[in-house]
Amino acid sequence: MSPILFWLFTVLMLAFGVSVVLNRDPVASALSLVASFLCLASLFVGLDAFFIGVIQILVYAGAVMVLFLFIIMLLDLKAEKRRSFNKLALVGGAAVTALFVSGLLKVLSLFPAGSKPFPALGVAKLDDVRQVGITLFTRFNLPFQTVGVLVLVASIGVIVLSRRQLK
Amino acid sequence: MDFLNDIPWMLIAASIAKTLFLIFGVVLPIVSYTVYAERRVSALIQDRLGPNRTGFPISLFGFQKDLQLFLGGLGQPVADAMKFLLKEEFTPGHVNKFYFWLAPVLAMVPALSTLAVLPFGNFLFGQKMVVADVNVGILYVFAVASVGVYGIVLAGWSSNSKYPFLGSIRASSQMISYELSLGLSAVPVLMIIGNLNLSEAIQYQIDNGWLLLPFTDGKLTLRELLLWIPVLVSFIIFTISMFAETNRLPFDLPESETELVAGYHTEYSAMKFALFFLGEYAAMIAGSSIIVVLFLGGWHVPFLPINTLESSTTPSGIALGFLHITAFFAKVVGILIFFIWVRWTLPRFRFDQLMKLGWLYLFEIALVNIFITAAILAWVK
Amino acid sequence: MAYTVRRPNLTFWEKLYLPNIVAGLAITFNHLKKMLKGETHVVMQYPEEKWDAHLPEYYRGAPTLVTDEHGRERCVSCQLCEFICPPRAIKITPGSLPSDSQFAKVEKAPEAFDIDMSRCIYCGLCEEVCPEQAIYLRKDYAVTGESRADMVHHKDKLYELGGTMPGLVHKWNPDK
Numbered sequence: 001m002s003p004i005l006f007w008l009f010t011v012l013m014l015a016f017g018v019s020v021v022l023n024r025d026p027v028a029s030a031l032s033l034v035a036s037f038l039c040l041a042s043l044f045v046g047l048d049a050f051f052i053g054v055i056q057i058l059v060y061a062g063a064v065m066v067l068f069l070f071i072i073m074l075l076d077l078k079a080e081k082r083r084s085f086n087k088l089a090l091v092g093g094a095a096v097t098a099l100f101v102s103g104l105l106k107v108l109s110l111f112p113a114g115s116k117p118f119p120a121l122g123v124a125k126l127d128d129v130r131q132v133g134i135t136l137f138t139r140f141n142l143p144f145q146t147v148g149v150l151v152l153v154a155s156i157g158v159i160v161l162s163r164r165q166l167k
Numbered sequence: 001m002d003f004l005n006d007i008p009w010m011l012i013a014a015s016i017a018k019t020l021f022l023i024f025g026v027v028l029p030i031v032s033y034t035v036y037a038e039r040r041v042s043a044l045i046q047d048r049l050g051p052n053r054t055g056f057p058i059s060l061f062g063f064q065k066d067l068q069l070f071l072g073g074l075g076q077p078v079a080d081a082m083k084f085l086l087k088e089e090f091t092p093g094h095v096n097k098f099y100f101w102l103a104p105v106l107a108m109v110p111a112l113s114t115l116a117v118l119p120f121g122n123f124l125f126g127q128k129m130v131v132a133d134v135n136v137g138i139l140y141v142f143a144v145a146s147v148g149v150y151g152i153v154l155a156g157w158s159s160n161s162k163y164p165f166l167g168s169i170r171a172s173s174q175m176i177s178y179e180l181s182l183g184l185s186a187v188p189v190l191m192i193i194g195n196l197n198l199s200e201a202i203q204y205q206i207d208n209g210w211l212l213l214p215f216t217d218g219k220l221t222l223r224e225l226l227l228w229i230p231v232l233v234s235f236i237i238f239t240i241s242m243f244a245e246t247n248r249l250p251f252d253l254p255e256s257e258t259e260l261v262a263g264y265h266t267e268y269s270a271m272k273f274a275l276f277f278l279g280e281y282a283a284m285i286a287g288s289s290i291i292v293v294l295f296l297g298g299w300h301v302p303f304l305p306i307n308t309l310e311s312s313t314t315p316s317g318i319a320l321g322f323l324h325i326t327a328f329f330a331k332v333v334g335i336l337i338f339f340i341w342v343r344w345t346l347p348r349f350r351f352d353q354l355m356k357l358g359w360l361y362l363f364e365i366a367l368v369n370i371f372i373t374a375a376i377l378a379w380v381k
Numbered sequence: 001m002a003y004t005v006r007r008p009n010l011t012f013w014e015k016l017y018l019p020n021i022v023a024g025l026a027i028t029f030n031h032l033k034k035m036l037k038g039e040t041h042v043v044m045q046y047p048e049e050k051w052d053a054h055l056p057e058y059y060r061g062a063p064t065l066v067t068d069e070h071g072r073e074r075c076v077s078c079q080l081c082e083f084i085c086p087p088r089a090i091k092i093t094p095g096s097l098p099s100d101s102q103f104a105k106v107e108k109a110p111e112a113f114d115i116d117m118s119r120c121i122y123c124g125l126c127e128e129v130c131p132e133q134a135i136y137l138r139k140d141y142a143v144t145g146e147s148r149a150d151m152v153h154h155k156d157k158l159y160e161l162g163g164t165m166p167g168l169v170h171k172w173n174p175d176k
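Line by line, the protein sequences are chains A, B and C.
Just so we're aligned, residue 1 is where the first sequence starts under the working numbering, counting upward by one.
Just so we're aligned, residue 1 is where the second sequence starts under the working numbering, counting upward by one.
Just so we're aligned, residue 1 is where the third sequence starts under the working numbering, counting upward by one.
Don't take each hint at face value.
To be verified - Think about it this way: if two alpha-carbon atoms lie no more than 27 Å apart in a straight line, the pair counts; the simulated DSSO-like pairs of lysine-lysine are:
hint	chain 1	residue 1	chain 2	residue 2
1	C	K50	B	K65
2	B	K128	A	K125
3	C	K139	C	K157
4	C	K37	C	K50
5	B	K356	C	K15
Claimed, not checked - Partial chain B-side listing against chain A, Cβ under 8 Å, derived:
hint	residue
6	V134
7	N135
8	V136
9	Y140
10	F142
11	A143
12	S146
13	V149
14	W157
15	I176
16	I193
17	L196
18	I337
To be verified - Quick list of the computed label-pair ranges, beta carbon to beta carbon:
hint	chain 1	residue 1	chain 2	residue 2	range
19	C	A23	A	V149	43 to 53 Å
20	C	T40	A	G157	15 to 25 Å
21	C	E48	B	K87	28 to 38 Å
22	C	L18	B	W359	10 to 20 Å
23	C	M165	B	K65	33 to 43 Å
24	C	R148	B	Q64	25 to 35 Å
25	B	F63	C	H70	47 to 57 Å
26	B	W101	C	K91	48 to 58 Å
27	B	F90	A	I71	28 to 38 Å
If you are wondering where the hints come from, they were derived from the structure by calculation, not from laboratory data.
The structure displayed is predicted, hence computed values, not measured ones.
Even for Gly, the Cβ is constructed at its ideal location relative to N, Cα and C.
Next up, chain A with everything else stripped away, as it sits in the complex:
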């Protein structure tokens, strides 16, 4: 991946991530999150992980965030917009973030693999969709099926609960 593109998308992703937190307008926050997801997807594509990148857009940007936006628009969020920043909370948040980042840097500098450059990616023999499929259905077959059953149970539960609400 070209370093120009990498830096472009990284900076954009982080900028949109910050704007998710800083924006007072919930719709602006949600859209910044979508933009951030899109930049993340481009980073995945830059790593030749097309499948993950596209699924990132399809699931998060295309479905989950649309539902979020849908709910946000249906709610009346004028109060949220008027609320200003609490100075104390701002300072506290900045302090926690600074502490976390410094801790992370400290740990990473102690970790020998963290300072080495990552070896160049080899050319894959199979395309990544096939690789994901083969990994899921051979090595992780049981967890995969279990997660499938879990999701099915959850969705049936949602239907049952919403039905009871109607009556």
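Using the hints provided, position chains B and C relative to the given structure of chain A.
Below, chains B and C without anything else, positioned relative to chain A:
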């Protein structure tokens, strides 16, 4: 500055050339003439004539009369475009300005981005006729198309008035619901082809006959005959879902003019409105292209030779290359005419009927269809 | 009182909906085909085809002035039409006939007679009120112009449109 040398300038130049050709040479003309065809065909179906007078205005350059080509009215799209560009760009006072301006862009961009992975021809001048030959082609199309809903949702929300808002609410729930049956109905096709790459899908259909017409390779086996049933079901569900995804009648509830004035673009005027209009038709072209690639053999013309990368610079190869591109867009135009024909035949669905159809019928049938396809693929050799 | 509408019981094929869609598509296709073959003729192509032959006798088009069979102006500039005109579209400047004329000092004639066609509402009151039967609503309906001044019909234009109307004026005609 040595990373500048790493940038594949040739690839970028070729991609830009192909993109420009695709968007400005093919898709936008098809879009504007689809609008013309829509008006003409609807008129003919209703025993009227439609726009048949606007010629190309060569009388501005001193000729006696405007140029009228064989059908008449072919200058209408040009005049419409001029009208959209020159009309007053009115922004109502009660809208949320930033999102109001952003929405038309978000409606147009995804529709055009889908075209990036479409293999619209074989080889021409030593280039493969696809902008980005990625191995997740069909998923990319679904992903980008699902982002297209933001344009509509934001248009309705930022307009700050009731009809656009209702339209955008309808649009988002409709598009999310039909994405499911759209995706699931494509799965049997992808199982048969065994690849997500759209060029490979066409290659499979060249070797084994088009999926919807399995005899185009000159032979018909029992397996092909059995697979034809789930493919037909898939095709019907895919087409219906495509109608819903592109907000075409009988599923045009987001902009149903009898109930919601003009739906999500009620408050828009001039070029901003035109962008919604163009985005809708560009999405139609993208959808028809996917139908053509998955079910109707893409650019393949049966019983004709296919050029290769090497032969695509010789005169016969160039002729074949142009023939393939023409064949692809001829098929797309055929599907578009079908879209128009259906629009002027069927009345609009009620919203609860739409949701019931999507969730209770198409979704389940598509799901069962996957199992049937899997069974045929596993047991019939 | 509320009453229940009985819905018809649909057969399987009707519930499936697809055969009916195909039938509908066939109907619209037949309309399209007949239009393309030119078998349906519903729409009139206006400037080329006109409805003129079918205009009824009583059609009220543009008001015009007429001359009698000797080429004399019938209008005597009595200004009744000017007074009765609801939108005040008519403007008459009365004048007298030249002194060498046989009818000088007997009748008058309009010096100028203007009808503003951008005001005229084609009501026909001027025709009805005219004692000399000098003003008639003819069958011209395509009154166009590029400016407001173009839309005013002057005297010569009115006579050109009106032509001659032979026969005795009603007030001298004992049969009427």
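Numbers of the earlier hints that this structure fails to satisfy, in rising order
Violated hints: 16, 18 and 20; rest satisfied.
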